[in-house]
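J.: Build the full structure now, drawing on both the sequences and the hints.
These protein sequence lines map, in sequence, to chains A and B.
Under UniProt numbering, the first residue of the first sequence is numbered 1, with each subsequent residue one higher.
Under UniProt numbering, the first residue of the second sequence is numbered 1, with each subsequent residue one higher.
Hints are computed from structural coordinates only; laboratory data are not their basis.
Every value quoted in this text rests on a predicted model; they were computed, and no experiment measured them.
When chains are identical, the list treats them as one kind, so a pair holds in a single copy or across two.
Okay, derived cross-link-like pairs now, EDC-like style, lysine to aspartate or glutamate, Cα gap no bigger than 16 Å in a straight line:
hint	residue 1	residue 2
1	LYS125	GLU509
2	LYS2	GLU62
3	LYS5	GLU62
4	LYS51	GLU135
5	LYS91	GLU81
6	LYS5	GLU120
Protein chains: 2
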Amino acid sequence: MKQSKLLIPTLREVPNNAEARNLQLLLRAGFIRQVSGGVYAYLPLAMRVLKKMNAIIEEEFEKIGAVEIKMPTLLPLSLLEKTGLTSSDEKAYNFKNRTGKNFILGSTYEELISELIGDEVSSYKRLPLTLFQIETKYRNDKRSRFGLLRSYEFIMSDAYSFHATEKSLDEMYRAYQKAFSRIFERLGVKVKSLLGDSQIDEQTDALEYMALSESGDKVGCFSTGSDYAADLQAATSAFTSKKSHESLKEIEKVTFDQQKNLEEAAVALDIPLQKTIKTQLYIADDQPILILVRADQKVNELKVKKYLQVQRLNAADETKVETYFKSAPTYLGPIGVSIDCPIYADLQVQDLANALTGANEENTYLQNINPERDLQVEYYADFRLVKEGDVSPDNSGTLELKKGVEVGRMVKVGTYFSERLKTSVLDENGQHIPVQMGYYELGISRLLATVAEQNSDQEGINWPAEVAPFDLHIVQTNMEDETQTKLTNTVEKMMIEAGYQVLVDDRLERGGVKFADADLIGCPVRITVGNQADEGTVSIKFKQTQATIEVKQEELISTLDILLNSES
Amino acid sequence: MKQSKLLIPTLREVPNNAEARNLQLLLRAGFIRQVSGGVYAYLPLAMRVLKKMNAIIEEEFEKIGAVEIKMPTLLPLSLLEKTGLTSSDEKAYNFKNRTGKNFILGSTYEELISELIGDEVSSYKRLPLTLFQIETKYRNDKRSRFGLLRSYEFIMSDAYSFHATEKSLDEMYRAYQKAFSRIFERLGVKVKSLLGDSQIDEQTDALEYMALSESGDKVGCFSTGSDYAADLQAATSAFTSKKSHESLKEIEKVTFDQQKNLEEAAVALDIPLQKTIKTQLYIADDQPILILVRADQKVNELKVKKYLQVQRLNAADETKVETYFKSAPTYLGPIGVSIDCPIYADLQVQDLANALTGANEENTYLQNINPERDLQVEYYADFRLVKEGDVSPDNSGTLELKKGVEVGRMVKVGTYFSERLKTSVLDENGQHIPVQMGYYELGISRLLATVAEQNSDQEGINWPAEVAPFDLHIVQTNMEDETQTKLTNTVEKMMIEAGYQVLVDDRLERGGVKFADADLIGCPVRITVGNQADEGTVSIKFKQTQATIEVKQEELISTLDILLNSES
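T.: Rendered as structure tokens:
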């Protein structure tokens, strides 16, 4: 294909406001353009990569029996309400059409496909069945960031499997794991699989696939001593109870002249943060509750939510705290709570002796709190977010925290949706059984960004062979040289006949401009038709290794065959 | 592929509320399901057809140098406002995101792509350039109808070309016409090309592609005596002035005892409708105007809009008419108009003598109106909608009106958008020139419906070879017969090796059920593995011709090769 027919607006400089490396690479190489914050257009080169990525996904999914469908973008709100979405959900684009019907822009399809299966499949004999689509999805985020990594609209492949038995679901879940591995390998991305958060309950298996990146908005926790790897929200750490042997002192009230939060009060009183109790008010569904952790820790709200089995958990704002406690959030404490407000505390709190906590009064704290003696705690459990250096839950090594991009995820959903949407089939005995479901997602625009980022150098992108927009980039250095033009045409024809996808830079530009663009764009091989054209010689440059050789026209195909095969 | 792995929910009966034939066919054959009024899911078989359709379009477009891109669905309202869209436009889905930014769900991309070209292309040397996308689009219609023909969301291919000269645009416009013809032929649909409405002005070339269908919501006008064919809105008819030789009578006022509209008054007074003047009030941009046509004709608002070169033309509602005329719309007339309200009349009105019209008083009409004597008409022009039987504008034959589906359209847009969006390039002399633009659209979900409708019989669909979901449908009549199973597996393997796409009905159903489903689904060839399996004999049925033959396993491939090639 002639470069003059394509729209490839390369940039010499890194554009403003492009902080993420994936964005710098793709903008500079002319693959994408921003239409509006968080909204991008994919230009011809990106489109070619996307289509190759999709073809790989389709091929690998078809190998495990998955079949492609296309579900609509306009989803009736009434359907999503069945599993708890409300029209006030901030993350959904929500609007009425002219007939007054409420629609949500598609971001999640578990409900729609569960209902479809419920309507159309009535017998266990029609199962297992696994369907997928590759579609644009929408997220009404507070802000977009990191280019294609966190945009308002993005391309995603979402696959679903349906089964009559858990065993069948287990098998398919493993099949998708293998398919994902093959896909990542063919895309040329290094991805780690982590224990994920199923967003259903703690027992539900979930895997997250993370590409490590400084632009990532996820955190993975990796053990230094074992294979343990988990998403920050899902991660746990080993906890060994170590009761203090201090003798219990009497509670003392301390009032400061000026405002101090718990951390500042501890410093002033020379108490380590490991001997403090931070008190936080949450509204769990409609019930106010207090969660206690040490001030050197943070609450993992997901753990709380799952432990309490509530639908919604929201940190109370200042107004709400004052309504219940007549105190600012800063001075909140667990002693003398008069309202109906159960207290839940992290396991570490149980071990404390003579700890410091808020007194529910301005600038005032209580010293020498001893939980077993002084607090009315409903349950002690693991409610804290893990931290760098925590002991791995398998007691092998400690946890390292790394930033990454979530490029895929799968959840052994089970009967969560089928029970809520009444998706059942008849089993061998004619009894209704809820359908077992699996969910498997790949972030395609995120993967595009990740492939570019992981396969790049200072000059630009180095596309892996299977997803490169073109296999070969032929650069003619002087368009006015007829010998060069003739040789370029011959080489192009020869290469196309040999089965290569070829991009020919036929622009009236200087060689230097063309080379710089070719380096940005990143096809695996560049063939330069230059000064030696009259001898029938061209030079080949391998983008990734930077290796360059000169070859006679008639040896070009055999040379490429040998070198490309030895590279792979 | 095994049928048990696919979701193909066939229906024995025509479903309720499926009035359009395309909907009946696609629902019964298990290709699509309605998710909500006007919103459909494409199941595995439809997805296979869609992908083949897209591949044909991509291939034919690539032949003429078009390159694929992908533009976003979330379009900033601020961009579309530049060419006149307002946030109150009813046909657009319009909403704010969490940051307060207004978005429109993509339905038109002329603005976005013009701006992209304006930003990224600066020299005539980079032109011509032609880009296309295949994307879901959205229309906030008052109601959805006719299944996939008029739905709230639909799949469309939209192509754009950009040129430095009109000549280059002309060439590309012709290239797209040829590409469209090849695409329709390969899809197996019969499509007529019509003079279209460019929605820009009368001088702008536009073509519409219409598939005749009773479910169509468009009307095409076809000459009985020539090739003239035009969309109803764009159609004109020959007009030969025939002045009446009646002697002019004095105006007479007639008041009825009861309410009568103009048509009823004419009947009561025994005056033919051809001798009446219907008066309609419009607001053209902000100016009230009157349009006069005979009461046996209708106003073509598009002709008025283009003639007056206004952006907006709206029929005045009752309240507005009464504000200006102190009269109900029924009794509106062109005599004694005291406000500033220019009068425009259709050419036919000019020829009238002693005509009847409203008197701007309740139940009252004026007789013997003679336009040249009595009316202050600004301009006489062709303002009427053509009718069945009108003389073709080339004076060859008369016009026949037929319903159809618009499956494609192209417009030689010229500089309309580039002038409004300041999309210019530098020419050879370093001067800024506005870019010439062409627009080329294909309705893909509509074409899917049209292919099914045009290629069907009482039993179901007969997919044309190039877009059939599978080439061959192998039906094993008895799944418990091991000889049949063995032969089925052999035939399947053989056919796949010969390059055919094969669907195998491996369901535990009776032969009759399987045959009926195969007839609904409509693969070009059915191979039945039945009672004669032990002799190695299968039967072949060609869906379209209904021809059936029995063939020995070893002769199957050669027989199919001969018969399929002779069919095409």
